[in-house]
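So for the sequence shown, our numbering puts the first residue at 12; every next one is plus one.
Everything labelled a hint here was simulated from the structure, so no lab data went into it. Careful: at least some of the hints might be erroneous.
[To be verified] Heads up, simulated EDC-like pairs for lysine to aspartate or glutamate below, C-alpha to C-alpha not over 20 Å straight-line:
id, residue 1, residue 2
1, 74, 52
2, 113, 30
3, 113, 22
4, 265, 251
5, 190, 322
6, 217, 158
7, 83, 161
8, 113, 131
9, 74, 148
10, 74, 161
11, 265, 252
12, 302, 322
13, 217, 52
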Amino acid sequence: MTDFASLELLEPIQRALVDAQYTHPTPIQAASIPPLLAGRDVLGCAQTGTGKTAAFLLPTLHKLASHPTQGKPVIRALILTPTRELAAQIGDSFETYSRHLKLRHRVIFGGVNQRPQVADLRRGVDVLVATPGRLLDLHQQGYISFDDVEFFVLDEADRMLDMGFIHDIRKVLKLLPAKRQNLLFSATMPSSIVKLARGFLTDPIKVEVDQQSSTVDAIVQRVMFVERTNKRKLLRHLLDDETIESVIVFTRTKHGANRVVKDLARADVEAAAIHGNKSQGARTRALAGFKDGSIRVLVATDIASRGIDVDGVSHVVNYDLPNISESYVHRIGRTGRAGRTGIAIAFCDDSETDYLRDIERLTKTKLEVVADHPWHFAGAVPLPNGRRNPLPGKAKKAGGGGGGRRRYRNRGPRRGRGGQGGGGSRP
């Protein structure tokens with residue numbers, strides 16, 4: 012088995028890895044680090060939780076430290092990432108791996124006062140980790156120069172595109188020097204990412220670990236069919252099980268996340284929400300509480316599906332199934348990390364049956380059905396040949412009591428297609 016000592020990284024980096032008790036690289040690290048050290052562009056594809064951060068940080072630090080600059084540091088490596096949480100975690104990894112090197116870094120993102128970020132930039136940094144909006148904002152204000160960038164890393168590229176950052180990415184690419192080394196890492200490799208990669212990678216080495224959009228073997232995947240109005244009761248029922256030590260619950264919307272937290276608070280369950288409407292301070296406190304165990308349940312939207320790097324998450328609950336199947340892979344990748352096992356449970360109501368089919372088709376995995384719970388709803392169970400279960404009592408409720416769901420189901424095309432429906436205004 013390959014170990015880090017065989018990868019010819021600088022001694023101070025090797026010492027930092029020993030300090031952190033890292034001895035053997037993951038497959039994505041073993042496959043990516045040698046070509047990166049050789050100066051090649053790399054297109055890397057691996058599912059979340061496989062060690063992509065070290066795969067690009069270690070060779071970048073090696074090359075920067077091997078050829079230090081004189082005087083005040085200038086930005087020589089730029090790492091672009093989609094979310095604040097992921098940027099902060101990359102910063103934490105930088106501190107781990109560079110502890111014996113004389114390199115400076117700064118993490119910048121929006122939602123916080125820019126003054127401390129600007130102060131560090133003025134003092135000089137070697138490595139800049141940034142989200143697109145704040146990066147371009149500070150550049151326009153004259154605080155950031157891209158003239159000396161030698162290494163450009165586009166991390167979680169598919170998530171970048173999902174979040175609508177494609178135009179910002181193109182703006183950044185136009186500002187970078189023509190001569191540089193490029194790295195693109197992504198958990199999935201749809202055609203949009205391939206097209207983007209062709210636009211700025213030069214003769215890249217393609218590194219792919221595991222099948223695209225595959226899910227971690229260590230994760231047990233289950234589904235519970237339930238009426239939408241009973242999801243909160245089912246979640247409380249699950250949390251009565253004390254073996255569920257730490258759980259991330261994913262909702263489709265910010266308001267839905269807040270409602271779940273309030274409902275759990277009424278049941279005396281320690282929970283906190285993390286989503287785009289939360290201040291950076293609130294998000295940081297929520298993550299810190301979840302990591303130290305004072306908060307048992309973290310309720311998140313997809314903005315956090317790749318921004319939570321916490322070992323020991325025992326369960327992931329998809330309170331709302333995502334209408335983009337790849338998001339399911341990223342969500343459940345928060346458990347089963349660092350060699351541990353994990354359990355992913357999906358709640359599926361009758362409006363989400365097609366989402367479940369799409370997920371099973373993408374992952375090539377049939378989710379284990381758990382029907383032994385008080386709120387099992389047969390009307391949400393998929394039928395053979397793509398048919399759907401009629402709602403109980405459909406004919407009797409045609410004009411009345413069946414209320415909202417009956418009217419909704421007779422309105423023609425189902426909500427959720429094309430990105431507006433399931434991810435729109437519903438919690």
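Each hint, compared with the structure:
no.: 1; hint: 74 <-> 52; verdict: 14 Å, holds
no.: 2; hint: 113 <-> 30; verdict: 17 Å, holds
no.: 3; hint: 113 <-> 22; verdict: 13 Å, holds
no.: 4; hint: 265 <-> 251; verdict: 25 Å, violated
no.: 5; hint: 190 <-> 322; verdict: 38 Å, violated
no.: 6; hint: 217 <-> 158; verdict: 27 Å, violated
no.: 7; hint: 83 <-> 161; verdict: 16 Å, holds
no.: 8; hint: 113 <-> 131; verdict: 15 Å, holds
no.: 9; hint: 74 <-> 148; verdict: 28 Å, violated
no.: 10; hint: 74 <-> 161; verdict: 10 Å, holds
no.: 11; hint: 265 <-> 252; verdict: 26 Å, violated
no.: 12; hint: 302 <-> 322; verdict: 8 Å, holds
no.: 13; hint: 217 <-> 52; verdict: 9 Å, holds
Hints 4, 5, 6, 9 and 11 from the earlier list are contradicted by this structure; the remaining hints agree with it.
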